[in-house]
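Using the hints, put the two standalone chains together into the complex.
Residue numbers (the working numbering), protein chains in the order written: chain A, 1 to 116; chain B, 117 to 231.
Careful, some of the hints might be misleading.
What the hints assert, rightly or not - Cut-off 25 Å, straight-line C-alpha distance, at most; resulting in silico cross-link-like pairs (BS3-like, lysine-lysine):
#1 Lys53/A / Lys70/A
#2 Lys154/B / Lys132/B
#3 Lys132/B / Lys230/B
#4 Lys3/A / Lys119/B
#5 Lys57/A / Lys119/B
#6 Lys132/B / Lys55/A
#7 Lys70/A / Lys57/A
#8 Lys55/A / Lys18/A
#9 Lys230/B / Lys154/B
Just so you know, these hints were derived from the structure itself, not from any lab.
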Amino acid sequence: DVKVTQSSRYLVKRTGEKVFLECVQDMDHENMFWYRQDPGLGLRLIYFSYDVKMKEKGDIPEGYSVSREKKERFSLILESASTNQTSMYLCASSPRASGSSYNEQFFGPGTRLTVL
Amino acid sequence: AQKVTQAQTEISVVEKEDVTLDCVYETRDTTYYLFWYKQPPSGELVFLIRRNSFDEQNEISGRYSWNFQKSTSSFNFTITASQVVDSAVYFCALSEYPGGNKLVFGAGTILRVKS
Chain A
1 DVKVTQSSRY
11 LVKRTGEKVF
21 LECVQDMDHE
31 NMFWYRQDPG
41 LGLRLIYFSY
51 DVKMKEKGDI
61 PEGYSVSREK
71 KERFSLILES
81 ASTNQTSMYL
91 CASSPRASGS
101 SYNEQFFGPG
111 TRLTVL
Chain B
117 AQKVTQAQTE
127 ISVVEKEDVT
137 LDCVYETRDT
147 TYYLFWYKQP
157 PSGELVFLIR
167 RNSFDEQNEI
177 SGRYSWNFQK
187 STSSFNFTIT
197 ASQVVDSAVY
207 FCALSEYPGG
217 NKLVFGAGTI
227 LRVKS
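Bound-form chain B, shown alone (with noise of 0.2 Å):
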């Protein structure tokens, strides 16, 4: 069955410092996708990032980077020089196959920029 550990209940961490967000994952397929979401305190949840199982490739977008390692079973999420914006609760998610898109989500971690 497919799983997703995140193992960082909540972290806090001071305007301007980079903080790093672990996934790990587990499932017997060979074919799959992971994703991180951003849960602002408006509480709908924002698509981050889609990386398919066969994609190895870190992934920048801007302050944001993921670092997917498949040896590993992890897709780790990196916000540099952090702001108070990025205060959210953030989720990995693993979307099985077959399963019409079926998600599989960690528990997701609190993150608390302080100013």
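Looking at chain A on its own, in the form it has when it is part of the complex (with noise of 0.2 Å):
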């Protein structure tokens, strides 16, 4: 069974605190994301990362950065963690797309921020 794991279900933490969340896909997929998902707002991606130690800014980089040393493990740093950063945050993962074929992303089950 493929599993994209999040280190953590919820998390509580206080600003100015430095966050780290961290995920792993089990299926050797080159392509992860990291999303926030607010309500009223759907997903939008923070991060993306193609291949090891590669990574590009989603739509809403601000105040947060990425790591990716392994292929399998994809991680989400809060630098300053604030109050607006309280959020659920969703890792997903998926193969390299080839010519015109795009495959679906498979999620984690996401890790809930709260920022005091």
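Next up, the structure:
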């Protein structure tokens, strides 16, 4: 059974703390993604990576950074957490697109982060 | 720029009713894919369907069916004879080209099916 796992389901942090969200996939996928989900806004892409050590900004990268040192692991880092980063964070992975073929993304269960 | 609009924020139906979730998209690309995902209360998004821009055939999978119309830029999702287990948030998404599988999501529609 293919899987995307995230390190925590629930996390509570204080303003100014450095926060690490970890994501691991066991499908040998090239692409990995971090989204945040907020009511009424759907999922918004924060960062994505299409290979080890490669990263690209998504639509809302401000206040976040990422790290991909190994193919299976993609970390999201909040350098100094703020209350407006309270949200649900979803990680996803997919095989690399070939030609005009697009593959679905596989999602983890999400991490609900609260910043106090 | 690509955009996906799900105008229905929340829909409530009684079990066994049919329900249609609307999805309207905007893109300048001629090659693109559309997706539907389901997010049950557990939180994990579950892939339902992928449709490419060159295939306008409607698709049926059990109680689920999808109607893709390029003329109106719509990709609507119908659940026939809804069940309580269908209660979830449903997202429509569009993949960019080129974009390395990046997806643009709609805001989602909350579906509540009451017994």
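Here is what the structure says about each hint:
1. Lys53/A / Lys70/A: holds, 8 Å
2. Lys154/B / Lys132/B: holds, 19 Å
3. Lys132/B / Lys230/B: holds, 9 Å
4. Lys3/A / Lys119/B: Violated, at about 29 Å.
5. Lys57/A / Lys119/B: Roughly 18 Å separates the two Cα atoms, so the pair holds.
6. Lys132/B / Lys55/A: violated, 46 Å
7. Lys70/A / Lys57/A: holds, 19 Å
8. Lys55/A / Lys18/A: holds, 20 Å
9. Lys230/B / Lys154/B: holds, 18 Å
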